[in-house]
Each structure stands twice: as structure tokens, then as C-alpha cells.
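A.B. asks: Sequence:
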Amino acid sequence: MVASMALYVVERTKLRPVASGLLTPFQGLCFLGFQLLLGLGILLQLNNYSRVLGASSLLLVFSYPLMKRFTFWPQAFLGLTFNWGALLGWAAIKGSLDPSIVLPLYASGVFWTLVYDTIYAHQDKEDDLKVGVKSTALRFGDSTKEWITGFGIACLGGLAVSGFNAEIGWPYYASLAVASGHLGWQIWTVDLSSRADCNRKFVSNKWFGAIIFGGILAGRLSS
Numbered sequence: 001m002v003a004s005m006a007l008y009v010v011e012r013t014k015l016r017p018v019a020s021g022l023l024t025p026f027q028g029l030c031f032l033g034f035q036l037l038l039g040l041g042i043l044l045q046l047n048n049y050s051r052v053l054g055a056s057s058l059l060l061v062f063s064y065p066l067m068k069r070f071t072f073w074p075q076a077f078l079g080l081t082f083n084w085g086a087l088l089g090w091a092a093i094k095g096s097l098d099p100s101i102v103l104p105l106y107a108s109g110v111f112w113t114l115v116y117d118t119i120y121a122h123q124d125k126e127d128d129l130k131v132g133v134k135s136t137a138l139r140f141g142d143s144t145k146e147w148i149t150g151f152g153i154a155c156l157g158g159l160a161v162s163g164f165n166a167e168i169g170w171p172y173y174a175s176l177a178v179a180s181g182h183l184g185w186q187i188w189t190v191d192l193s194s195r196a197d198c199n200r201k202f203v204s205n206k207w208f209g210a211i212i213f214g215g216i217l218a219g220r221l222s223s
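For the sequence shown, UniProt numbering gives the first residue as 1, with consecutive numbering after it.
Hints are computed from structural coordinates only; laboratory data are not their basis.
Be aware that one or more of the hints could be misleading.
If you anchor each label on the Cβ, the simulated ranges turn out as follows [stated by the list, open to error]:
id	residue 1	residue 2	range
1	ARG16	GLY39	19 to 27 Å
2	PHE70	ALA174	38 to 46 Å
3	LEU66	SER143	42 to 50 Å
As the structure is a prediction and not an experimental result, all values here were calculated from the model.
Built from N, CA and C at the ideal position, the CB exists for glycine as well.
Please work from the sequences and hints to get the whole structure.
C.D. replies: Have a look at this one:
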């Protein structure tokens with residue numbers, strides 16, 4: 001919505017409701033307000049620690065949409081914002097945070113986001129150049145695969161450290177091995193010049209997440 005109101009519309013997003021004119025910016029704001037109220041209702045059901053933690057994410061939530069105008073690292077800001085749920089979910093259950101577990105988990109989520117959203121950003125790199133906005137796809141250019149390989153290794157390392165500190169069972173580490181193969185396949189085979197292939201590899205991250213989730217469940221059941 002912010003992008004559409006700022007006249008930043010790329011080929012891939014021109015049919016979205018606000019960009020296409022199906023909804024006016026005011027209607028979009030009303031819908032946003034409705035979603036925020038729903039989120040507030042859920043947040044108020046949690047413990048006080050989680051309420052404060054959830055509210056503290058609002059600065060990231062509202063600043064992220066503007067980051068493409070100011071930095072080549074909007075994908076990092078997306079990672080910081082999108083993965084806040086790892087912190088909030090733990091706090092909602094435990095009533096506080098265990099830094100030795102949640103910080104590596106949060107960091108791994110940020111690095112994972114840098115992998116998949118950099119691939120995603122390669123779909124829009126020509127349009128981004130035309131309108132003068134930034135992304136990691138433009139920042140990394142021909143070195144993208146080297147960068148996202150490093151991010152992928154950091155992601156898996158963070159997941160391993162978090163699992164070790166949480167004393168999770170061996171199936172979790174087996175899932176990390178499978179997930180590393182999937183992530184490697186994405187990075188090594190993606191055609192960064194093809195919008196269609198970038199989108200396919202981006203969407204395939206649902207399986208990476210499913211593998212990790214299954215590993216967490218199996219690891220907990222075995223420990």
C-alpha cells in the first residue's frame with residue numbers, strides 16, 4: 001500500500017488491490033486498521049511480558065515499507081520484522097526470553113529471510129533500477145549466490161546452536177541436514193535472470209520451513 005501510494009509499482013505487483021485501483025488508499029488504510037485491531041485483541045490475551053515485546057515491534061513494522069528508499073538492505077529489515085514472532089512465541093509460552101535459545105533462532109530467521117527475499121527481489125531488479133529504489137539483489141549483483149550461500153550457512157548454524165541450547169533430540173539435527181540440502185539446491189540452481197525461476201525458488205521455501213518444523217516436533221518427542 002505504501003509503495004502504491006508512493007507511485008512505486010512494478011510489473012509483478014501492478015494488479016494488487018491498491019495498485020490496480022480496486023481499492024483506494026483510504027480503503028487500504030481502513031483494512032490495515034482492522035487488521036491492527038485484530039492483532040491488538042490477540043496481543044492482549046498474552047502475558048504482560050509478551051504484550052510489551054509485541055508492542056516493541058511496531059517501529060520495525062511501520063518503518064520496513066520505507067526501507068527500499070534509504071538502504072540496499074531492506075531484506076535485512078524485513079528479516080528483523082518478520083521473525084519477531086520467534087521471540088514473541090517463546091515469550092507467550094514461557095513468560096520471558098532465554099537468550100541462549102531465542103537469539104540464535106531469531107538470527108537464523110533473519111538470515112533465512114535474506115536468502116529467500118534476495119532471490120525474490122531479483123524479480124524486480126529492472127523495475128527497481130528504473131524507479132530508483134534499493135534491494136540486496138541490486139547490492140549483490142553478480143555476487144548474489146556467494147552472499148546468500150553465506151546467509152544460508154549462518155541460518156543453519158543459528159538453528160543448530162538454538163537446538164543444542166534447547167537440548168532438543170537427534171531428529172532435529174537430521175532435519176537440519178535435509179534442510180541444508182534443500183537450501184543448497186535453491187541457491188545452486190536458481191536462475192537469477194528468470195523471474196519465473198526466482199518465484200519458484202522463493203515459493204519452495206515453504207518446504208524448508210516445513211522440514212525445520214517437522215524436525216522440531218520430532219526432536220521434542222524424542223527428547
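A.B. asks: Against this structure, judge whether each hint is valid.
C.D. replies: Hints and how they fare:
Between ARG16 and GLY39 the CB atoms are about 21 Å apart, so this pair conforms to the stated range of 19 to 27 Å. Separated by about 42 Å at the C-beta atoms, PHE70 and ALA174 satisfy the suggested range of 38 to 46 Å. Against the hinted window of 42 to 50 Å, the Cβ-Cβ separation of LEU66 and SER143 comes to about 26 Å, which falls outside the hint.
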